[in-house]
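> Line by line, the protein sequences are chains V and X.
Residue numbers are given in the numbering used here: position 49 of the first sequence equals residue 49, and the series is strictly consecutive.
Residue numbers are given in the numbering used here: position 50 of the second sequence equals residue 1050, and the series is strictly consecutive.
To be clear, the hints were calculated from the coordinates, so they are not data collected in a lab.
Any given hint could be a false lead.
Covered stretches of chain X, as calculated for chain V (at least 3 residues, CB under 8 Å) [claimed, not checked]: (1) 1007-1014; (2) 1092-1106; (3) 1128-1139.
Model, not experiment: these values are computed from the prediction.
Even for Gly, the Cβ is constructed at its ideal location relative to N, Cα and C.
Residue strings, one per chain:
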Amino acid sequence: MSKFLLFLGCTIPTKQYAYEVSVRNVLPRLGIELVDFPEAGCCGFPLKGISKKGWVYMSARILSLAAKRGLPVLALCNGCDTSLRKVKDILKHDEVLRDEVAELLGREGVKLNFNVDVYHTIEVLHDFVGVEKIKSLVVRPLKGIKIASYPGCHMLRPTDIPRPEPSGEPKKFDMVLSALGAEVGYYPDKGGCCGATMLPYSPKHAFRLTASKIRNMKDFGFQATTTSCPYCMEMLDSKQEAIRTEVGDDTLSIPVFYITQLVGLAIGLKPRELGLNLNLSPVEEVLEKLGVSLYE
Amino acid sequence: MSLDVRLIDKKVLKDVIELVKPHTPQYCYQCAKCTSACSTSKVLPDYKPHLIVALTRLGLVKELLNSGIIWACSECWKCAEYCPQDVAPVEVVIALKNLAIAMGYKPPEDLKVMTKNVIELGYISPPIEVLSKEFEVYSRSVLGLPQLIKPYINVETANNLRRFFGGVYE
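Next up, chain X with everything else stripped away, as it sits in the complex (with noise of 0.2 Å):
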């Protein structure tokens, strides 16, 4: 396997580094303990946290952000326990997926449902109905729950959320 080296972006660490201050990605040395302590890559083994951190103090991030896989993780913070030098691969994750966002990448379209639904709802979803297991319909009147009122009634409110989320659906 041969390197090319057009494919090397140096302004990725360096935006990753000031993204997750205080903790230290230039340190890592690779130990890999934070792939064993990975909750993710127990069901995904292509998924290695020391890896994304390699590729991601290398500049290679290209194919990382191509491949989609950095949504994968299940942001349990055991890498950052585990991890001996203050990496904290679940910081560089979040950081990545901000910069893939940045760059115009999309989220998974579940998120981008989400980020619509926090703008103009104020939560992830609009209040749905359930079903018990007797297939009785229950909402929030029925269970006697107060009604949920929309919680963003200033302008400038939804303009600050459409300035950092609305990106991703817009």
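For reference, chain V alone in the conformation it holds in the complex (with noise of 0.2 Å):
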């Protein structure tokens, strides 16, 4: 059995709970055993615009504290994941920013400490579990439904440090989604960003970068989408309606999930122990396919 630290960062413990609760039902059915990580706290990702060696310092603390626990840190954000691996490797390289850090951690009764194993949810799915026991567990297929894997930015790039899905498409995403029986393919743009980022500065223009992800997934046939990141997933799902009102188009519709919520699904569990109520897209439209109900 693998252990791992369960690392939640910002976005998934203050609104996308529906992540979090299909993460606690599904990985320790598979296997996964999880250890809770309250002390851990914000990666700094979203704030290295304000100060860099800030950032730096957040993600040193986090990494200093797994450490300390003695245990891998499952990510489970795309932000979180890239964070962790990106200021180890700037530690490694940088030794006055190093020294100053280890300084600062000091301080607070922290050793710095950032020789840590950092794993990201679809690497955990898809290298510690494996395809063939997920389809060993495969109790309700997700048969004749095309499903597109939405893997965001940060899974693939930058690609100066290792990636959960190191060949620059989600190769390892797909396989997952083919276990749990799903059809899988191409479509324009499957790298792409979401637009999360953007928010702050402008959520118009956001919304119109989701919105050709969308497009692209309708275009090519796909009948629901799947993510692993919190981030594009509050962009396709929960933002979905303003999405279609801001660039004034009602074919914009396709059911969102995160992808436990659909290994969730495939192994048997009900809508409800994998937060899927709190999807705000059509998530019924695949539901019904599979000939289960919401309210289950």
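Using the supplied hints, reconstruct the complex from the two chains, each of which is provided in its own coordinate frame.
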């Protein structure tokens, strides 16, 4: 059994609850042991524009706290995953900054240690659990449903540090979906950006970026999409109706799931055990095909 | 158009190079591949990473910072992947944001709120109540999720965070 520190970040424990609910219910059924990590807090990634050094300090603190626990980190959020890996790389190469951060952490009684393994949800599903095991647990195959994997930027880039999807494409993602019985395939700009980071500057422009992604998925015949990033979910699912209104296109409607929600559905969990009642996109369209009611 | 040499700030490029190392903005030859790849540029054509790099190299960043357009970067990192010269325009933009803050420019309002929340709560937002499609109210406790504790209990952690981020909202 593999054991991980469950690093929730910011967005998941404060509003994207469906991800946390589904992870907590699904991963242990796949043989993954999760250990809570409440002393972690924000990784600092959203604040690097204010102070890059401040961001490095924040992620270094989390890495050090994880090292103290002696367990690998499971980062659910694309941003957190990138942040921790990038900061590991920065600390490895920048001696001056490393000493400065060590000094700051020392003042609060934390010993700088970034010798920690960081994994993302998709790696835990694909590399640790494995597609064969997932396949063996499927009792409700997602047969005949064409699902667009949407990795989100930071699962693929920047490539100067190790990525959860090292090929530059969501291959592991599609293999997990295939193991669940779903149909997968290509659509343009699959590795494109949801626009979430643009939100504070201009929601209008951010929405147009998300709209273009949904349009590509619809044009290529996908009936649903799935991500493992809470920011992508926020844009694709939570703000889908606002996006339709912004671009004036009612056809931009697609069910959006966290990958852990789809795994949970396929292995027979109830929609409420997966937080599916919190998804605001038309997930019922997919549930109907599977003969499942959202309220059972 | 004439160039007002009084606006040239030679220190900017030096500061940016220091902040983005090991990337090399000084090697940009304006091929504009970054702008072709840019996600923000697709919806906001005025946003052109290669021009931002050019203005930075020339030390002409005053208007750039005044316009606030650097905050439009979606941080998708595509520019850095497409760049043949390891300029990493996204990292240049992050460096410019840092310099802007140090010079007293304010970030977008939402980012200020997020910063304040991180310092005071440890998260970019307090845990909120969310509505389902049927307008039922859900909180962490209703969903049976463990209560969220404040991750920073040490006063030195708060001091460190204030040192880096406090300036944008205090």
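> Take the hints in turn and mark each one as holding or not.
Hint-by-hint comparison with the structure:
1. A count of 0 residues in the stretch 1007-1014 of chain X with a Cβ less than 8 Å from any Cβ of chain V is obtained; the coverage claim is therefore unmet, three being the minimum.
2. Counting residues of the stretch 1092-1106 of chain X whose CB falls under 8 Å from any CB of chain V gives 5; the rule of at least 3 is met.
3. Given as covered by chain V, the stretch 1128-1139 of chain X passes the check, having 7 residues with a CB less than 8 Å from a CB of that chain where 3 are the minimum.
Hint compliance for this structure: hint 1 is the single one not met.
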